[in-house]
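Taking the working numbering, the leading residue of the sequence shown gets 156, the next gets one more, and so forth.
Bear in mind the hints are in silico, worked out from the structure with no lab data behind them. Accuracy of the hints is not assured; some may be wrong.
[Stated by the list, open to error] Under the rule of at most 25 Å between Cα atoms (straight-line distance), these lysine-lysine pairs were calculated in the DSS-like manner: (1) K384 / K368; (2) K521 / K411; (3) K552 / K541; (4) K574 / K445; (5) K481 / K445; (6) K267 / K384; (7) K242 / K368; (8) K258 / K360; (9) K445 / K582; (10) K543 / K445; (11) K242 / K360; (12) K433 / K481; (13) K481 / K582; (14) K552 / K433; (15) K411 / K582; (16) K445 / K360; (17) K481 / K541; (18) K411 / K481; (19) K449 / K411; (20) K433 / K445; (21) K574 / K521.
Keep in mind it's a predicted model, so treat the numbers as computed, not measured.
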Amino acid sequence: MNDNERQFENFVSNIKFDDTPDSDHRNKLEQDLLRVLTKQPRHKQQPLKIWRIIMKSRITKLAMAAAVLIVGLVFLVGDGQQSLYAKAVEALEQARTVHVVVKEYRDGQWFKDHEIWYDREAGIVEEECYEGRTDVRIDNGRYEWRYAVGGELVAQLNSYRDIDEFARSLCTGWLRYDPNRVPSGDVVIDGAPCEMYVLSNVGDKVSIWVDGKNHVRQFEEARELRGQKTESRATVEYDVVIAQNRFSPKFGPEVKVINPREWIEEQYPLDTAIFTRKCLGFVFAVHELKSYEKGLKYIVCSTRLSEQTRREIGTGHPWTYYGDSKLFDRYDGTGTYDHPILLGRVTHDGVRISWYLLLPSDNRAKRSPGCDVDVIVNTANQLEEKCKAEGLPTREKLRLNIATQESQGSKAPVREIVKQVYSLGEKLDPIVHSFLLTEVVTKPDGEKMQAWRRPVIRLSEEEYNEGVERRVQEWLELMGLNK
Numbered sequence: 156m157n158d159n160e161r162q163f164e165n166f167v168s169n170i171k172f173d174d175t176p177d178s179d180h181r182n183k184l185e186q187d188l189l190r191v192l193t194k195q196p197r198h199k200q201q202p203l204k205i206w207r208i209i210m211k212s213r214i215t216k217l218a219m220a221a222a223v224l225i226v227g228l229v230f231l232v233g234d235g236q237q238s239l240y241a242k243a244v245e246a247l248e249q250a251r252t253v254h255v256v257v258k259e260y261r262d263g264q265w266f267k268d269h270e271i272w273y274d275r276e277a278g279i280v281e282e283e284c285y286e287g288r289t290d291v292r293i294d295n296g297r298y299e300w301r302y303a304v305g306g307e308l309v310a311q312l313n314s315y316r317d318i319d320e321f322a323r324s325l326c327t328g329w330l331r332y333d334p335n336r337v338p339s340g341d342v343v344i345d346g347a348p349c350e351m352y353v354l355s356n357v358g359d360k361v362s363i364w365v366d367g368k369n370h371v372r373q374f375e376e377a378r379e380l381r382g383q384k385t386e387s388r389a390t391v392e393y394d395v396v397i398a399q400n401r402f403s404p405k406f407g408p409e410v411k412v413i414n415p416r417e418w419i420e421e422q423y424p425l426d427t428a429i430f431t432r433k434c435l436g437f438v439f440a441v442h443e444l445k446s447y448e449k450g451l452k453y454i455v456c457s458t459r460l461s462e463q464t465r466r467e468i469g470t471g472h473p474w475t476y477y478g479d480s481k482l483f484d485r486y487d488g489t490g491t492y493d494h495p496i497l498l499g500r501v502t503h504d505g506v507r508i509s510w511y512l513l514l515p516s517d518n519r520a521k522r523s524p525g526c527d528v529d530v531i532v533n534t535a536n537q538l539e540e541k542c543k544a545e546g547l548p549t550r551e552k553l554r555l556n557i558a559t560q561e562s563q564g565s566k567a568p569v570r571e572i573v574k575q576v577y578s579l580g581e582k583l584d585p586i587v588h589s590f591l592l593t594e595v596v597t598k599p600d601g602e603k604m605q606a607w608r609r610p611v612i613r614l615s616e617e618e619y620n621e622g623v624e625r626r627v628q629e630w631l632e633l634m635g636l637n638k
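Let the hints inform the model, and build the full structure from the sequences given.
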């Protein structure tokens, strides 16, 4: 599968964080993680640390980071260090609080980009910092809040995962994977002698240091791929004093507290959509279709679970991936068609919003007052299982042939679209993680791969604009329409 965010969503959806954290659940978590790890393609992208995957359960998206799921380490589980893992879990369960700081090595310096506080009674707080922006997640076991400091929106959800299981995965998860003992790497951390354990693969290495009380005190990831080196380090403290007000969300009176799915559906309502179609338990809709310069068209689509489907399959984890829809070229033998390029998308709790540009294949398509593309809808996880059980297809194609709402005039630039999409992505990113597509990369084996980034954190508006304009120009040159 080439779509990394989709891989991540599938990975997350199979980890039931809100299940009772018994031994069966932990074994399933281990097997799901291994299955995903062993299937990951290797390519040059921003690395997403496994502890960040566990912490955000998305980054989502969302992850995720970055937001793509890129894991370069592939390991097999053995029994050699199971006792070490069990001891580390037992030691963690004796601690009331945990404090974790994650740093990245960039430009010759270590930069703190993630900090986590855990209190067995109060909950979890995460702060992610990039270039002046701080994203916060607070989970007190009853509610979860996500927001950017100084932002205008705060997402509030019912807590959907066990905070103690979260802490176990964060602090001891690496010890599941049979690390090798490396005495030469033993160090003293904050006065405590620590033994070193290592997981390694070609170009990739994770080092873990465990003290005499079986506490994991530090773990590091070092990767090298095609000459690019990246390093990350997490340090862990136990039974530190944490101010209790840290676990209370802090935002001003002008901030709007929202349910993310309800808010997204309010921004893209079905009753004002210019096209809707029920398909495989989803409702596919088009909310905007407008013409711009050079014969380009801008289209906004959504795919959401129908209310009946929600009642029938139920929904739990808000990052579960149920499937999606994608636009494709529609070939009718004339050579005249619209070529969709995906600009970005946001997904939450069974709702996905996608922003596209439609590029003309010839002058006839440039002059067309509408669009004519194929839409493929596919299902996944609980929805796919439901379709199979009822003898229904799990994938369906439909034709989208509709007229534009209005003309923006021949001089309206693509930059207008870029600015609009980037602004929406930036606004939503702290609470649900939006992903903007900047380019399509061809790997050495010839396979094409989409390069996704999160706005602000990994992508500035200018970089995004340059990426979109480059892709448009390349297509128009290919079709001989750049004059």
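Hints, verified against the model:
no. : hint        : result
1   : K384 / K368 : violated, 33 Å
2   : K521 / K411 : violated, 42 Å
3   : K552 / K541 : holds, 19 Å
4   : K574 / K445 : holds, 15 Å
5   : K481 / K445 : holds, 18 Å
6   : K267 / K384 : holds, 18 Å
7   : K242 / K368 : holds, 9 Å
8   : K258 / K360 : holds, 16 Å
9   : K445 / K582 : holds, 22 Å
10  : K543 / K445 : violated, 37 Å
11  : K242 / K360 : holds, 23 Å
12  : K433 / K481 : holds, 15 Å
13  : K481 / K582 : holds, 23 Å
14  : K552 / K433 : holds, 12 Å
15  : K411 / K582 : holds, 12 Å
16  : K445 / K360 : violated, 49 Å
17  : K481 / K541 : holds, 21 Å
18  : K411 / K481 : violated, 32 Å
19  : K449 / K411 : violated, 39 Å
20  : K433 / K445 : holds, 23 Å
21  : K574 / K521 : holds, 23 Å
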